[in-house]
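Engineer: Letter by letter, the chains look like this.
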Amino acid sequence: MEFYLPIIWGGIIAVAVFLYVVLDGFDLGIGILFLSRESEDERDVMMNTVAPVWDGNETWLIIGGAGLMGTFPIAYATIMPALYLPLMIMLIALIFRGVAFEFRFKADRSRKFWDLAFFGGSFTATFFQGVNLGAFVQGIEVTEGIFTGGAFDWLTPFTILVGLSLLPGYALLGSTWLVMKTEGELQAHARHMANKLFIIVLMAMGAVSLWMVAFDQGIRERWFSLPNIFFLAPVPVLTAAVSFNLWRALQTGRETMPFVMAIVLFALGYIGLAVSRFPYVVPPSISIWDAAAAPKTQMFLLVGTLIILPVILAYTVYVYRVFRGKVRIGDGYH
Amino acid sequence: MDFDPVLLARIQFAFTISFHIIFPAFTIGLASYLAMLEFLWLRTRKPVYKNLYKFWLKIFAISFGMGVVSGIVLSYQFGTNWSGFSHLVGNVLGPLLAYEVLTAFFLEASFLGIMLFGWERVGDRLHFASTCIVAVGTLLSAFWILAANSWMHTPAGYEIKDGLYYAQDWLKIIFNPSFPYRFVHMIVAAYLTTAFTVIGVGAWHLLRRSHEEPARVMFSMGLWFVLIFAPAQLFIGDLHGLNVRDTQPAKLAAMEGHWETGGHVPLLLFAWPDEEAEENHFEFGIPNAASLIITHSMDGEITGLKDFAPEDRPPVAIVFWSFRIMVGLGTLMIFIALAGVALRFRGKVYTTPWFLKLAVISIPSGFIAVLAGWFVTEVGRQPYIVYGLIRTIEAASPVPGSSIAVSLALFVITYGIVFTAGTYYILKLVRRGPISDEPAEADLTSRQPHIFPGSASKREA
Numbered sequence: 001m002e003f004y005l006p007i008i009w010g011g012i013i014a015v016a017v018f019l020y021v022v023l024d025g026f027d028l029g030i031g032i033l034f035l036s037r038e039s040e041d042e043r044d045v046m047m048n049t050v051a052p053v054w055d056g057n058e059t060w061l062i063i064g065g066a067g068l069m070g071t072f073p074i075a076y077a078t079i080m081p082a083l084y085l086p087l088m089i090m091l092i093a094l095i096f097r098g099v100a101f102e103f104r105f106k107a108d109r110s111r112k113f114w115d116l117a118f119f120g121g122s123f124t125a126t127f128f129q130g131v132n133l134g135a136f137v138q139g140i141e142v143t144e145g146i147f148t149g150g151a152f153d154w155l156t157p158f159t160i161l162v163g164l165s166l167l168p169g170y171a172l173l174g175s176t177w178l179v180m181k182t183e184g185e186l187q188a189h190a191r192h193m194a195n196k197l198f199i200i201v202l203m204a205m206g207a208v209s210l211w212m213v214a215f216d217q218g219i220r221e222r223w224f225s226l227p228n229i230f231f232l233a234p235v236p237v238l239t240a241a242v243s244f245n246l247w248r249a250l251q252t253g254r255e256t257m258p259f260v261m262a263i264v265l266f267a268l269g270y271i272g273l274a275v276s277r278f279p280y281v282v283p284p285s286i287s288i289w290d291a292a293a294a295p296k297t298q299m300f301l302l303v304g305t306l307i308i309l310p311v312i313l314a315y316t317v318y319v320y321r322v323f324r325g326k327v328r329i330g331d332g333y334h
Numbered sequence: 001m002d003f004d005p006v007l008l009a010r011i012q013f014a015f016t017i018s019f020h021i022i023f024p025a026f027t028i029g030l031a032s033y034l035a036m037l038e039f040l041w042l043r044t045r046k047p048v049y050k051n052l053y054k055f056w057l058k059i060f061a062i063s064f065g066m067g068v069v070s071g072i073v074l075s076y077q078f079g080t081n082w083s084g085f086s087h088l089v090g091n092v093l094g095p096l097l098a099y100e101v102l103t104a105f106f107l108e109a110s111f112l113g114i115m116l117f118g119w120e121r122v123g124d125r126l127h128f129a130s131t132c133i134v135a136v137g138t139l140l141s142a143f144w145i146l147a148a149n150s151w152m153h154t155p156a157g158y159e160i161k162d163g164l165y166y167a168q169d170w171l172k173i174i175f176n177p178s179f180p181y182r183f184v185h186m187i188v189a190a191y192l193t194t195a196f197t198v199i200g201v202g203a204w205h206l207l208r209r210s211h212e213e214p215a216r217v218m219f220s221m222g223l224w225f226v227l228i229f230a231p232a233q234l235f236i237g238d239l240h241g242l243n244v245r246d247t248q249p250a251k252l253a254a255m256e257g258h259w260e261t262g263g264h265v266p267l268l269l270f271a272w273p274d275e276e277a278e279e280n281h282f283e284f285g286i287p288n289a290a291s292l293i294i295t296h297s298m299d300g301e302i303t304g305l306k307d308f309a310p311e312d313r314p315p316v317a318i319v320f321w322s323f324r325i326m327v328g329l330g331t332l333m334i335f336i337a338l339a340g341v342a343l344r345f346r347g348k349v350y351t352t353p354w355f356l357k358l359a360v361i362s363i364p365s366g367f368i369a370v371l372a373g374w375f376v377t378e379v380g381r382q383p384y385i386v387y388g389l390i391r392t393i394e395a396a397s398p399v400p401g402s403s404i405a406v407s408l409a410l411f412v413i414t415y416g417i418v419f420t421a422g423t424y425y426i427l428k429l430v431r432r433g434p435i436s437d438e439p440a441e442a443d444l445t446s447r448q449p450h451i452f453p454g455s456a457s458k459r460e461a
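First to last, the protein sequences are chains X and Z.
Going by my numbering, the residue at position 229 of the first sequence is 229; the numbering climbs one at a time, nothing skipped.
Going by my numbering, the residue at position 46 of the second sequence is 46; the numbering climbs one at a time, nothing skipped.
Next comes chain X alone, as it looks inside the complex:
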């Protein structure tokens, strides 16, 4: 059990973080695209496509934090101080984004301010999530289980590249979500945006991958040594196939397929990162086994999680089903 429990928990946390990235990714993407439409009606529709679900989506971020503390306390206690400033800025940005959902519809004169807060909060939160991700991938200086790096170790060209890459990534999720959830001019606009964003995302994924391979020997060996190269080759091949499908779905006027393909594209990128860093929960030195909580703790949480998580997924699907279908101008749903 001492061997498998950390693997199981590493998997659960990885899936939770991925669900956060996809689910809040399209919420944040809509925020990033928010100011690209001038009309208040269309902005209302954009916001209303996610208003009933954004709160649940953001909860995956909390389980990422709390779950990490419960199952890998050393990882939690080293990653959080290492990423102190970018995490704090991200959290503050998420505050502005979150309250904008409520405040915008209550505001009169200050509506423009909350439009800006929604955009600025989404944009900033996304950029710093990317920075945090990049900082995690590039590694954290730890001595005897305690963070010993500097306050700005997270700020490097690589982390900025990842931050900048996540912006078109989330915007792609947001635009394909809008293709699915809207119609008419707004949908055409979303499709147009998705077409452009898709190209930028592919370039960004390529740039991040090349950077990692070029500057990190461990990652280079992970991907290009024998026999790994044969097992891992499908990841870039699949990425190419999915990209083609996404492009075609956008050209042929499909409504749901672009969003699905965008998620798969994210999944492949995510798997690529996970493969590069497994089994480290605090790269480059602390593995999931080093950081794992006591088996008794991991087991206590696992029993409940295995019961509760399927229930959560079930009612999440239920809520999405309740709010399925197009959101239209003039649709004030109660």
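Some hints here could point you the wrong way.
So, partial list: chain X residues that the calculated Cβ filter (under 7 angstroms) puts toward chain Z [claimed, not checked]:
1. Pro-52
2. Ile-95
3. Lys-106
4. Asp-290
5. Ala-293
6. Ala-294
7. Pro-295
8. Tyr-315
Derived by calculation from the structure, the hints in this document are not laboratory data.
Note that the structure is a prediction, hence the values are computed from the model and not measured.
Heads up, the beta-carbon is just placed ideally off N, CA and C, and yes, glycines get one too.
Go by the hints and put chain Z onto chain X.
Structural biologist: Structure of chain Z alone, referenced to chain X:
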């Protein structure tokens, strides 16, 4: 510049958690109140209940949103500001926090969407079920977080290996000695906070003679509620105090401003505790009353602060005064509850101006009492983060003070903006009041009133 990182981390945490607790303290009670209103509407089909539901739902949505965004910050601050704490006790407390997210946050967040936007899509019964689920979610959340917090006051069910804390018995960890008291005390406090807000809003409309029917209903419901729960809180608080006497005597001594161990301890109504001189100035109290309350005997002995080394004592003045503020507000609440029932029997409860005005100015009483209570219990636990085991100074993160100072400044600015705006929008809703059902249908869409063609002009002023 030179900053003390631990002090800054404490100030930052105190600031963000004090800001946060205001919202759960309100929404825990409000969620239950909404469930009650919707139940009454489904049973009686009296429009007044539905109008009240929709009215408070909008206020709930704003408060809940602010609670969510400020709560996420906390789930990361345990690591960013208190990584030593997370490292030392993560094995014990981490799962409790994770269970809070799994059993409560997802439930609340998901069904809140249906509560706010789904009534027409799911129908009455499922909508009522959603309201109840959200209400239960708020209570579950309080259960887990108070279990974790209580463990920091009265740790149990753990073992220490290589300096780290490990779980031995989960039931003892969750149901640790102070948990039952703290949980009940906090839930009742949250309910009272909501009740006095509802009472005050009702009273305000009664004074203005606007929305009189719904105003009477909420005013009356609230007053009946506090008639039971304000006195009950006195009793619960007393039990909690006895628990503190047994488990955290230094905190109790600070609450009473009591320096020398001994009997016949007076209940100090006023004093100026002086930590340097180890005595109080300007003492004014009721002889023997503290002994009577705490030991239930006139000459009962209470341990004094001098029995603890100076470095093991909590800051006395903050604890002493916060406690008096809390108890004072509790007394005011009991007075309002009793005056309300007296006026009701004389048929004047809706029409007595001084009473209505008192009810309006008492709207913040619950919020302030909750904050004061948390100051008593958290400051009273110092200098420990886990009482008797881990000092706060050992719990801090290896983060430079300047980083904490910068983020603290950002939090102050952000929360200043958000709190001001949120309060403003809530007051705007309060002033507009519950609107009767027909316009209310259009009004509920006032979450998106501007969606209707040409409706930009009819947005409320």
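Engineer: Going through the numbered hints above, which ones does this structure break? Give me the numbers in ascending order.
Structural biologist: 4, 7
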